[in-house]
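Participant: From first to last, the protein sequence lines stand for chains A and B. If you read the first sequence in this note's numbering, its first letter stands for residue 13, the second for the next number, and so on. If you read the second sequence in this note's numbering, its first letter stands for residue 13, the second for the next number, and so on.
Calculated directly from the structure, the hints in this document are not laboratory data. Please note that the accuracy of each hint is not assured.
Stated by the list, open to error - Distance windows between CB atoms, simulated: (1) B:E401 / A:I80: 47 to 53 Å; (2) B:K24 / A:D382: 26 to 32 Å; (3) A:D382 / B:E44: 28 to 34 Å; (4) A:F43 / B:K71: 53 to 59 Å; (5) B:K71 / A:K131: 54 to 60 Å; (6) B:C247 / A:F43: 28 to 34 Å; (7) B:K24 / A:E44: 41 to 47 Å; (8) B:E44 / A:D39: 33 to 39 Å; (9) B:E44 / A:E222: 43 to 49 Å; (10) A:S339 / B:K71: 36 to 42 Å.
C-beta atoms are modelled at their ideal positions from N, C-alpha and C, and glycine is treated no differently.
Protein chains: 2
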Amino acid sequence: MKELSYIDLKYKPTKKDLIAKYRLEPDGVSFEEACEQLAAESSIGTWTDICTMSPKIAKKLKPHVFSINKRKNLAEIAYPEALFEAGNMPQILSSIAGNIFGMKIVKNLRFVDVSFSEKLGKSFQGPAFGVPGIRKLLKVKKRPLVGTIIKPKVGLNEKEHAKVAYDAWVGGLDIVKDDENLTDMSFNRFEKRVVETLKLRDKAEKETGEKKIYMPNVTAETDEMLRRAKFVKKCGGEYVMVDILTLGFSALQTLRKANLGLVLHAHRAMHAALTRSEHHGISMLVIAKITRLIGADQLHIGTAYVGKMSGSAKEVIDIESAINEKSFGIKPVFAVASGGLHPGHVPKLTKRMGTDIIMQFGGGVHGHPDGTRAGARAVRQAAEAVTKEVSLKQYAKTHEELACAIEKWGC
Amino acid sequence: MKELSYIDLKYKPTKKDLIAKYRLEPDGVSFEEACEQLAAESSIGTWTDICTMSPKIAKKLKPHVFSINKRKNLAEIAYPEALFEAGNMPQILSSIAGNIFGMKIVKNLRFVDVSFSEKLGKSFQGPAFGVPGIRKLLKVKKRPLVGTIIKPKVGLNEKEHAKVAYDAWVGGLDIVKDDENLTDMSFNRFEKRVVETLKLRDKAEKETGEKKIYMPNVTAETDEMLRRAKFVKKCGGEYVMVDILTLGFSALQTLRKANLGLVLHAHRAMHAALTRSEHHGISMLVIAKITRLIGADQLHIGTAYVGKMSGSAKEVIDIESAINEKSFGIKPVFAVASGGLHPGHVPKLTKRMGTDIIMQFGGGVHGHPDGTRAGARAVRQAAEAVTKEVSLKQYAKTHEELACAIEKWGC
Numbered sequence: 013m014k015e016l017s018y019i020d021l022k023y024k025p026t027k028k029d030l031i032a033k034y035r036l037e038p039d040g041v042s043f044e045e046a047c048e049q050l051a052a053e054s055s056i057g058t059w060t061d062i063c064t065m066s067p068k069i070a071k072k073l074k075p076h077v078f079s080i081n082k083r084k085n086l087a088e089i090a091y092p093e094a095l096f097e098a099g100n101m102p103q104i105l106s107s108i109a110g111n112i113f114g115m116k117i118v119k120n121l122r123f124v125d126v127s128f129s130e131k132l133g134k135s136f137q138g139p140a141f142g143v144p145g146i147r148k149l150l151k152v153k154k155r156p157l158v159g160t161i162i163k164p165k166v167g168l169n170e171k172e173h174a175k176v177a178y179d180a181w182v183g184g185l186d187i188v189k190d191d192e193n194l195t196d197m198s199f200n201r202f203e204k205r206v207v208e209t210l211k212l213r214d215k216a217e218k219e220t221g222e223k224k225i226y227m228p229n230v231t232a233e234t235d236e237m238l239r240r241a242k243f244v245k246k247c248g249g250e251y252v253m254v255d256i257l258t259l260g261f262s263a264l265q266t267l268r269k270a271n272l273g274l275v276l277h278a279h280r281a282m283h284a285a286l287t288r289s290e291h292h293g294i295s296m297l298v299i300a301k302i303t304r305l306i307g308a309d310q311l312h313i314g315t316a317y318v319g320k321m322s323g324s325a326k327e328v329i330d331i332e333s334a335i336n337e338k339s340f341g342i343k344p345v346f347a348v349a350s351g352g353l354h355p356g357h358v359p360k361l362t363k364r365m366g367t368d369i370i371m372q373f374g375g376g377v378h379g380h381p382d383g384t385r386a387g388a389r390a391v392r393q394a395a396e397a398v399t400k401e402v403s404l405k406q407y408a409k410t411h412e413e414l415a416c417a418i419e420k421w422g423c
Numbered sequence: 013m014k015e016l017s018y019i020d021l022k023y024k025p026t027k028k029d030l031i032a033k034y035r036l037e038p039d040g041v042s043f044e045e046a047c048e049q050l051a052a053e054s055s056i057g058t059w060t061d062i063c064t065m066s067p068k069i070a071k072k073l074k075p076h077v078f079s080i081n082k083r084k085n086l087a088e089i090a091y092p093e094a095l096f097e098a099g100n101m102p103q104i105l106s107s108i109a110g111n112i113f114g115m116k117i118v119k120n121l122r123f124v125d126v127s128f129s130e131k132l133g134k135s136f137q138g139p140a141f142g143v144p145g146i147r148k149l150l151k152v153k154k155r156p157l158v159g160t161i162i163k164p165k166v167g168l169n170e171k172e173h174a175k176v177a178y179d180a181w182v183g184g185l186d187i188v189k190d191d192e193n194l195t196d197m198s199f200n201r202f203e204k205r206v207v208e209t210l211k212l213r214d215k216a217e218k219e220t221g222e223k224k225i226y227m228p229n230v231t232a233e234t235d236e237m238l239r240r241a242k243f244v245k246k247c248g249g250e251y252v253m254v255d256i257l258t259l260g261f262s263a264l265q266t267l268r269k270a271n272l273g274l275v276l277h278a279h280r281a282m283h284a285a286l287t288r289s290e291h292h293g294i295s296m297l298v299i300a301k302i303t304r305l306i307g308a309d310q311l312h313i314g315t316a317y318v319g320k321m322s323g324s325a326k327e328v329i330d331i332e333s334a335i336n337e338k339s340f341g342i343k344p345v346f347a348v349a350s351g352g353l354h355p356g357h358v359p360k361l362t363k364r365m366g367t368d369i370i371m372q373f374g375g376g377v378h379g380h381p382d383g384t385r386a387g388a389r390a391v392r393q394a395a396e397a398v399t400k401e402v403s404l405k406q407y408a409k410t411h412e413e414l415a416c417a418i419e420k421w422g423c
């Protein structure tokens, strides 16, 4: 059978199509030819015409390039959902985010956005808790949640770790999170850390009358990850965190499928290796949509250009609205802002990202001149000021921890 | 404690260090300052000095930037192995290939190379078969192995798929591989495909007197992947393939750990989203070393700049030698060349990559004007010509399938 054509600008995508949007820079071929090869390589085609193709297959499974914007180098492709295995995210990605990044006929290829057909969307579980479930669990109705990452990232032993967590909780933070490179270390064993930290969580809850959260990092080989998550559950923990990209989507699905009744917090280390260039790779928007479908309850999406990490305010806000939008009855994901934050960032952050966010402060808590507890107080004070619509400078006049933080880091 | 310094050009890496090499382009800071922050963020530090750090922790866990080449933008860092959890690849990557890609103080960051300490290296299983095990299984001592990917990528039903595989085997190919987007489809169910295809494998083995290999694609959520791999084993299969990047390293470890006695073939769809830019992301060399440690037996590494995919000859040859080098008693990985190959590429490929390679032809088999069986013959003839040190043009004079392939695609 002679080579197929995939471009059909008159095609109207149906409810049974998965839609993917790409930015592509052709190399040595026309924009249209690059679109043809992109559509082929991500579906039923290859680089040459083949004897095993048939009109029947093409009719049923051929994707359609239905929109082209040459000025912006954009193309949108509608893929029939039959090209994908329901509930198998690795297979979907191997198709629409697979070999295509390596094709010689593009200098660069960016996977910009995706929308799933209803059948595919519903074949994943989505978040078990999401924003409403988490607010109910914490009994915090409106204000942003505030938390910390234990620092140094690694190096403390189990009891030291638990003590720092305790200081953060009694200082006023809701959440304490392990750092991404802290799992089961020779100097800080996973199980002992969980036991010690949850013990002091109970104490902090009793003393403050507030719900306190610990998010232990269970990122590991799949069976070991599940074993650790079950251990957390058994010890009375309510959350686990994983690093979704270094872990991988297969194991993330497995963790969600285990239905352990734990809130799943998604860290995203390594994402910027994929997402950072505007010309190549995969957008964080796509990764966020995938992660929501699979079923993380909380996801790091950036800090809207305050702090130490890249990511424009617009990009972060677009991601936040995407993981909160109504689709297939899937719960909204709690957006997490983290990376180089200090109390002085709180007004700008909440102005840009709203109050349905979790703000995580690492150095911005433990770097407080008077220590972790004072740092936690300063963060909570900043959140209070914003809720009361008082400027930080004004609020700092009567709140010394906040004043001290502002003196060190500004606002 | 005041901020630490990580640069120490007099430091000599020890056997207990993991060494990582990065190319970095500072943004708004000096090269040295960027190196400091890179070392900090990937280990024990953060963006500000913190009260919870101690000299004891720093002494035990601090990495050393021991080599800087500002002209080439290169830095090498030695990380104490205690920073890592043995046998936990996601944790290792969250440290040395994690948040660092998103730091504002670098415009671009490339993870160029890695070498593991002996303890870390030995904490992974490595390939169960590797090159010697696979050659023994196939009873092919020296020549390159030749295979095909069933095309179209998806669309054939189970029996059609098996028939195309049969044609390829009796035409002379050793290996038949599912394509990366073919798993368990509505029109081609996994189990039925495996049964039908292995049935015709047995027939092809009987008719040709040669060992024939089928590599079914088990890429899926972890439990489902294992279930499918066990099904393959039960049906008498000897191989499975997975797509390592869309699957993820956690699940890859799980598959290897299951010790099913199956040869593991690693496809690498999506790799180029990470590897393609020379300035940013992660090199294929790093991914290949990781994949070998975990324990894939065969890995796609590129085609040395013939075919449809990017990747320079030098890069591919460097990767090939890395996955074959002696280290920690780990078996060498069979390098797979695949992507837009046809028989005319065989001399250049074997000249560049040697004969310990697996060459996979998709369109280059099924696109043969006389069909799959003739295409398979043409490939085998090309491999024979190279082994006999005869030019393809010369060999084509007495081998019509090869002549026909060369007429279509050149040589």
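Participant: When the hints from earlier in the document are held up against this structure, which numbers fail?
Facilitator: 2, 6, 7, 10
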